[in-house]
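Listed here are the chains, written in short residue letters.
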Amino acid sequence: MAKKEKTGGLIKGFVIAGTQSGCGKTTISLGLMAALLRRGFKVAPFKVGPDFIDPGHHAGITGMAGRNLDGWMLSGRYNRDCFKKHTLKVDIAVVEGVMGLFDGYDGKSEAGSTAQMAKWLKLPVILVVNAKSMARSAAALVSGFEQFDKDLGFAGVVFNNIGSKRHLEFITEALDGNVKMPCLGGIPYYNEIILPERHLGLVTSLDNPLSDEYIDKLADIIEENMDLNAILDSLLDVDQPEKLRRTPVRSPAGPVRIGVAMDNAF
Amino acid sequence: MLENHGAQLVCFSPVKDDNLPKNLDGIYFGGGYPELFAKQLSDNLNMRRQIKEVSSKGMPVYGECGGFMYLCSAICDPKGNPYPMTGCFPFTANMFSRLKSLGYREITLAYNTLIGKRGDTVRGHEFRYSDIAKPEDQKKIKTVYKVTAKAKKNKTDEGYLVNRTLGRYIHLHFGSNLDTAACFVESCRNYKLEK
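Chain order of the listed sequences is A and B. Heads up: the first sequence begins at 47 in the numbering used here, then just goes up one per residue. Heads up: the second sequence begins at 10 in the numbering used here, then just goes up one per residue.
The following block holds chain B by itself, in its conformation from the complex (with noise of 0.2 Å):
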């Protein structure tokens, strides 16, 4: 979908690779178990460093659910050992042995931000045994969407946003909204003149 709109996509390897491509506009972090290859993440700190770098830069990147995680300041296991990520965001990202979320989502854009306009409509799906650890800071994070779950009519704030980084658990279908990669192409488009 994304190449459908003019991007090239490069794929690449955060736990093998030493460094990110050369010469990207953006970056998209699907879901995946980083929480499995924990160590193998941490120990990979050029990765961390130069993904951590472009962040800061306002390059657009993306990520959900073990993406999200990836882009967290650390994955913490079950018994509490923490593993250091990217930190994009301040938050620690725990791993539980129960279930912590599950089933469809509708999220409503609550900004004009990099995967759609003020009050676009994405769906998507959630299936997590992770959640992030709410400390003080997370209140001074953005959020750019608000979350309807079935069955629960009240909306949390999510999706959060820092500097051109965006991320949140739900994993998005961008086949549900076909605004949305093209906008995230756009962003990336735009980044790509601007620096």
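Same shape as in the complex, but just chain A (with noise of 0.2 Å):
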């Protein structure tokens, strides 16, 4: 599919998530960001959960901020507000998750997670998987994953760091006929393009922002490996008919001078 003439009010949107963390998520919503991008498509970044380091690098390819949302600490009405408030002007909407689907705050409930978010915000959920070490068995996963919440919806599935061709064959085999989703694509392994390791959490954007020739690659990558115009032709156009709230308050006292502390420090 071509761009498409932007019909106002309509955007469309899909939840990248994983089945753990690790799994390639990041790496591949960069790559489905860029490679969006370089089909002329207006991209919103968000990410579930409180980081800032992907949402800068978000920002790194899309040039808008990544926006944080979450479902634990805030609520539902305010989360739809912030997506609408950042997606008015854009084509498409996508939404990195947090771990797995179905991480969040505890085990009981679905609170602060990435299923609860894509719920809340009406959006299908493009699931990666890493297919290392797995075959036949990866049918079942995707399988357990589908049905696990019933109110959820899938745009597909795509596996993560596939060994060949074969390997690739051997899943969709086994995919057929036992789950619904389809299958958008497997990534073969590259170490080239791996992210360098973040658990210092001090690899920012800023300390490490991502190189032309990097986000080009990846959205090569993307190009090659995933069918983005099945997805963009199954996903429908998310209406977002309410009317953003907005009261400024006036005081007779006028406006209240803050200092806000913002350089590199802080």
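Think of the hints as simulated: they come from the structure by calculation, not from any bench. Beta carbons: idealized from backbone N, C-alpha and C, even for Gly. Check the hints yourself; a few may be wrong.
To be verified - Not the full set, but computed from the structure, chain A residues with beta-carbon under 10 Å of chain B: (1) LEU83; (2) PRO96; (3) ASN114; (4) SER121; (5) CYS128; (6) PHE148; (7) GLY158; (8) PRO170; (9) SER179; (10) PHE216; (11) GLU219; (12) LEU221; (13) TYR260; (14) GLY300.
Unchecked claim - Only some residues are given here: those of chain A computed to face chain B with a beta carbon under 8 Å: (15) ASP116; (16) MET119; (17) TYR151; (18) TRP166; (19) PHE194; (20) ILE267; (21) PRO301.
Build the complex from these two chains, which are given one at a time in their own frames, with help from the hints.
This is the structure in structure tokens:
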């Protein structure tokens, strides 16, 4: 699908979720953003959960700050307002999830999970599965994720760390007839695109900006290995009819001046 | 959010600026990496003095995580070298090479304070490699909220208050309680009227 004319008030969007942390969610999200941007779409990035490093990388690619959404700290209404506010002038929203799809505040509820956010925003999920050391069993994993929450919609599944063409064939054969969601592709293992480890929390986009070559490479990988046309064609427009609340307060005492520390240190 | 309640935000740099912006009614310090700029922050004596001065005068000042560390008397690097900071709080913030705290937090205010009323709850998150030294005088500093961490039933007293300067490591999301931003702006407005 070529770039679609924006019809005003309607956007498309999806959520990238993993089966667990470290399955390649960030890399695939960044690649999708880069590929969509290269096709001429205006992309609004979002991140579920209290993370400021991924949103920094989102901004490095899309030119728009990756906005944080959070199902535990913030209400459904607040998240929907935030999503709406930052998608008014874009074509597509890419929401990167946090940890595994159903992981959140605790084991008892869906609070804070990517699944909860996808339902709140009425967006379908693209499930990322690390297929390393796995073949037919991958279908069982996808089946379990598909059935765990009946209210959740999936756009499809993408397999990461695919070893060979035959490896992906094994998996798609196993999916056939066993799961409803389509297979959107399989990404081979590339060691040159691994993002620097971030456990110290200091490898931010400011300290380690992504190079243009790297971003281009990510977009190439997505275009070569994922069916982006099928994804775009399957996405429904997200209608956002509600009006944003905006009630600025005026006081006879005049504006209040609040200093905000803002530099490299803060 | 602060702007929605009638605030005019004035950005400034504690690293580079010689003076605080003029005619402020309040100051907000978010998180950051003050430990990486400890020498520059420490060398900016004029800025340090001015912040301590407005804090002593009762201006509402809110600082969290890195901002809170800047409001302490010093930041100590992992080797133990101290860098003097503003001294609004009489604590030393020590840096460690290992993670000290991470996770979601919920606070319950124990008093009416600059970010809300007694009993209000605000949610947030904590992620830090720093902790304050526990000197004897810590007990003399008023704490204004109790914190509940996940999986821990016990509540700890946190949220240090000196004059109207409030700080702690937790990053509070003002979106989790829409009264928080309104209350902070209101506190600044009250200060403006009384000063």
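| query | In ascending order, which of the hints set out earlier in this document are inconsistent with the structure? | reply | 1, 6, 8, 9, 10, 11, 12, 13, 18, 19 and 20
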